[in-house]
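Chains as they are written, first to last, in my numbering: chain A, 216 to 531; chain B, 12 to 282.
Hints may be right or wrong, so weigh each one.
Claimed, not checked - Below are the PhoX-like pairs computed for lysine-lysine, each with C-alpha atoms no more than 20 Å apart in a straight line: (1) A:K425 x B:K32; (2) B:K100 x B:K33; (3) B:K61 x A:K425; (4) B:K225 x A:K431; (5) B:K32 x B:K100; (6) B:K61 x B:K169.
Rather than coming from a laboratory, the hints here were simulated on the basis of the structure. Remember, it's a predicted structure, so these values are computed and weren't measured experimentally.
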Amino acid sequence: MVNGGFSKKDISIREVIDQNRKTQHIKRKIEKGIPVALFLVASVSIITTIGIIFTLLSETVEFFKRVPIADFFTGTVLKPLSQNPEFGVLPLLTGTIISSLIAMLVAAPIGLMAAIYLSEYASTRVRKVLKPMLELLAGIPTIVYGFFAFTFVTPVLKNLIPSLESTNILSPGIVMGVMIIPMIASLSEDAMSSVPQSMREGALGLGSTKLEVTRKVVIPAALSGIIASFVLGISRAIGETMIVTIASGSTKNFTFDVTQSMQTMTAYIVEVTGGDAPAGSTVYYSLYAVAMTLFAFTLLMNLLARYVSKKFREEY
Amino acid sequence: MVVKERIKEAPFSVVNNESWKKPIYETHGLNLWYGTSHALKNIELNINEKEVTAIIGPSGCGKSTYLKTLNRMVEIVADVNISGSVTFKGNNILGNAMPVELLRAKVGMVFQKPNPFPKSIYENVAFGPRVHGIRNKAMLDMIVEDSLKKAALWDEVKDRLHKSAYGLSGGQQQRLCIARCLAVDPEVILMDEPTSALDPVSTHKIEELIKSIKHDVTIAIVTHNMQQAARISDRTAFFLNGEIIECDRTSTIFTNPSDKLTDDYINGRFG
Chain A
216 MVNGGFSKKD
226 ISIREVIDQN
236 RKTQHIKRKI
246 EKGIPVALFL
256 VASVSIITTI
266 GIIFTLLSET
276 VEFFKRVPIA
286 DFFTGTVLKP
296 LSQNPEFGVL
306 PLLTGTIISS
316 LIAMLVAAPI
326 GLMAAIYLSE
336 YASTRVRKVL
346 KPMLELLAGI
356 PTIVYGFFAF
366 TFVTPVLKNL
376 IPSLESTNIL
386 SPGIVMGVMI
396 IPMIASLSED
406 AMSSVPQSMR
416 EGALGLGSTK
426 LEVTRKVVIP
436 AALSGIIASF
446 VLGISRAIGE
456 TMIVTIASGS
466 TKNFTFDVTQ
476 SMQTMTAYIV
486 EVTGGDAPAG
496 STVYYSLYAV
506 AMTLFAFTLL
516 MNLLARYVSK
526 KFREEY
Chain B
12 MVVKERIKEA
22 PFSVVNNESW
32 KKPIYETHGL
42 NLWYGTSHAL
52 KNIELNINEK
62 EVTAIIGPSG
72 CGKSTYLKTL
82 NRMVEIVADV
92 NISGSVTFKG
102 NNILGNAMPV
112 ELLRAKVGMV
122 FQKPNPFPKS
132 IYENVAFGPR
142 VHGIRNKAML
152 DMIVEDSLKK
162 AALWDEVKDR
172 LHKSAYGLSG
182 GQQQRLCIAR
192 CLAVDPEVIL
202 MDEPTSALDP
212 VSTHKIEELI
222 KSIKHDVTIA
232 IVTHNMQQAA
242 RISDRTAFFL
252 NGEIIECDRT
262 STIFTNPSDK
272 LTDDYINGRF
282 G
């Protein structure tokens, strides 16, 4: 006997297939059930999101029954735990916006230039080493970054700016920027690498230098992806918690002076949940109002990213 | 190698009344390696000024590689080694004596697949002049109109100059790419199978266009299509396995080739 004991005389392929067909109705039932099962699993994340939004909304409504909505959004003083508490969100808003701005001032140019280098200038060998290393940077836990900001960056900056407070918004802003660089670099590099090589050849063939090809062809063609990476970077900075909590302190300053301590929305939530905010108190409800504001911010950013990447798309 | 003897290359001799034309490119002992694969072997070939030189041969014979050597686009891929000499108007283009940007400003290229930029028709044509420092709006307008007219595209696009180039058909896009080349007033245009992705009508238009500009511009065209080479070129070079087998006036190549291999190839016995 050849072929492991089978020979064509023993049994025909057709017969085997016909025999197997008898079990096929089970297969078909499983096949029908699969989409339902997968849909249920996929719904979990959607249902969770809806649940979170619902909770946020209902508790926020409760908060606004106690504190007028106008006072919340226009108040420059935040004293949640004093005898006469005041709940102005502006100090937290400025803290969040300023730290995110500093982060983007660091991350956008460096990230974009890193992306340009990786996509347009680096040899395949260099890129194969550098890109994973860059992405490794994204895997560092944010608490490490926060610690780094507090114990290293702030003292270094203090040498340059003597008036710098030991907790300040500048240092965590910069470190957040460093944290976001890999994300911007990696996403922008993806966008630039997907610009077809024939575009570059067309421009090179006309006598453009590499820089001109990058500036006038590759970046415009990849602009939607690059801007989307920026917006995602901002959204990441707005939501970042640990770095600012550690390195920026908890002073609820309403100021634009980056050498001073400020609190962000996220750091406020950490502080209040870490303290003893009794359930049902106004302070407790203020958490939800701040969280809702934060959520609205990041949602807005994500919508903006979508809009921008559609708007600036240069089709190729 | 008996390459040199095979080539009936006599730039200044008077074989017939058209042969007085000067070579704009002279290639001597050109060898090119992609890594370890020897893609061009001892190429000896001249390209005459204001003529159409067709380069034919089967796939992988090195004809595109040779074409891309002429504007050094061959060097964009890694690990290319070149020896020998290629001179453009008497200047060696290999090495650092002539900046590639300068060379490519004089030697345009049209690719196999139309590759307009994702910009408007106007911006596509104005791209080259802008790169080379022309900012004056009136001058750019003039260049754009002129180039599109030379590329026989003006009448079709004059009402939508500021619309995306991607709204054009494949054939129109290819003519746009030719207009984009013409906009920097090149001395040579290298065409790498410019019609292989196009339908017969568009192909015909491109061929007519080549005929209409060849009195101003030298054209070297790589083509798979032997009828096309016969229709539009003045001289034809036949490449095989990285070597040049024969180069002569197109009429001679197609009626009375001196090499058996050329005869076999143009009569479809291989390739």
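Here's how the hints hold up against the structure:
{"no.": "1", "hint": "A:K425 x B:K32", "verdict": "35 Å, violated"}
{"no.": "2", "hint": "B:K100 x B:K33", "verdict": "9 Å, holds"}
{"no.": "3", "hint": "B:K61 x A:K425", "verdict": "30 Å, violated"}
{"no.": "4", "hint": "B:K225 x A:K431", "verdict": "30 Å, violated"}
{"no.": "5", "hint": "B:K32 x B:K100", "verdict": "13 Å, holds"}
{"no.": "6", "hint": "B:K61 x B:K169", "verdict": "29 Å, violated"}
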